[in-house]
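Given only the sequences and the hints, what does the whole structure look like? Please build it.
Protein sequence lines, in the order shown, are assigned to chains A and B.
What the first sequence shows, in the numbering used here, is residues 1 to 172, in sequence order.
What the second sequence shows, in the numbering used here, is residues 1 to 172, in sequence order.
Derived by calculation from the structure, the hints in this document are not laboratory data.
Careful: at least some of the hints might be erroneous.
Under the rule of at most 16 Å between Cα atoms (straight-line distance), these lysine to aspartate or glutamate pairs were calculated in the EDC-like manner [stated by the list, open to error]: (1) Lys-129(A) - Asp-113(A); (2) Lys-162(B) - Asp-49(A); (3) Lys-26(B) - Asp-37(B); (4) Lys-90(A) - Asp-62(A); (5) Lys-162(A) - Asp-49(B).
Label pairs and their computed distance ranges (CB to CB) [stated by the list, open to error]: (6) Lys-95(B) - Lys-26(A): 31 to 41 Å; (7) Val-40(A) - Asp-49(B): 13 to 23 Å; (8) Ala-39(B) - Gly-110(A): 42 to 52 Å.
Source: prediction; values computed, not measured.
Even glycine gets a Cβ: it sits at the ideal position worked out from N, Cα and C.
2 protein chains.
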Amino acid sequence: MAITMYSAGVPTFQHTLRNLIHILEKAEAFAQARKFDPAVLTTYRLAPDMLPFTRQIQIACDGPKNGVARICGLEAPKFDDGETTFPELKARIQKTLDFLATITPEAMNGTEDKDITFPVGRDTTRTMKAEAYLKHWVLPNFFFHVVTAYDILRHNGVDLGKTDYLAGPQKG
Amino acid sequence: MAITMYSAGVPTFQHTLRNLIHILEKAEAFAQARKFDPAVLTTYRLAPDMLPFTRQIQIACDGPKNGVARICGLEAPKFDDGETTFPELKARIQKTLDFLATITPEAMNGTEDKDITFPVGRDTTRTMKAEAYLKHWVLPNFFFHVVTAYDILRHNGVDLGKTDYLAGPQKG
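Take a look at the structure:
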């Protein structure tokens, strides 16, 4: 089967978001085992002017949700950014997975040359062809926030390895 | 133009590696302006058992180099891991870009269902179809190391923003 716009995007988001839920479960268990407030992790920033963990997760969800919706010409569901706990953040990821599950290959395939206009910052928009938008904007932006969330946890001692990120829970 | 195995991979690696050179230039300038030894940054780890900055860059280069070579059935050039300075690391990225520039779309396209066997850890290999290998292994692994390198610099106060990572040097 030839690679398509759908196959180049949606399964990657789904795979990585599922692994992200697994990573959050390990972080939650770590806080519980060490008996510290999980908010230490969810509010942590790697630099004072970087976004905290909760925002990294919210944006990691909104990137593919809004990106895929724009490419398909669909209205994306809007999620409130009220999450503060690991269970709430996991639910946010699950809602994003539920939305991605509604996307059909037919809605996304063949859109390579379609112009996509999207907001950049507060007052500007940018327009890219859908293929470039997917590859050079949505995917790198998605990984940016997922990996930064991982790095925040790792920096704080959560027992994670790259395999948790690449492959999720390990069997046996 | 329909998306292809080549277009889904090589331009993304090239684009992000070029932005990574720009990020390293900003880090180098930061160390120079603040008059501290750049090795503080190049040897920095976000956790005691994470790889230091130099290794993040070396692996960010080797991932696409070896991954693309495997998909195309080519022998990848081998690079020594002797880099310790920003100029050496930038040269490593440039050598990777030089190799990627030799890859033709014809060598990579149509390989979606080809079995790719690759090393995982010291003693094991894994086999995946080339499309899955590209999307679920090579790309996420590449972004893992690029973003972790970025996070190391950001954590150390280097004046970077997500735009440096997504779009490289800004004009005007």
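Status of the hints after comparison with the structure:
Note on Lys-129(A) and Asp-113(A): the hinted pairing holds, with a Cα-Cα distance of about 5 Å set against a maximum of 16 Å. Simply put, Lys-162(B) and Asp-49(A) have alpha-carbon atoms about 12 Å apart, close enough for the 16 Å limit, and the pair holds. A hinted pair counts as satisfied when its Cα atoms are at most 16 Å apart, and Lys-26(B) with Asp-37(B) qualifies at roughly 14 Å. With a CA separation close to 14 Å, the supplied pair Lys-90(A) and Asp-62(A) stays within the 16 Å bound.
Under the criterion of a C-alpha separation no larger than 16 Å, the hint pairing Lys-162(A) with Asp-49(B) is consistent with the structure, at around 12 Å. At roughly 37 Å, the beta carbons of Lys-95(B) and Lys-26(A) sit within the given window of 31 to 41 Å. One distance hint, 13 to 23 Å for the beta-carbon pair Val-40(A) and Asp-49(B), holds here, with the actual separation near 20 Å. Checked against the hint of 42 to 52 Å, the pair Ala-39(B) and Gly-110(A) passes, with Cβ atoms roughly 51 Å apart.
Of the numbered hints given earlier, the model fails none.
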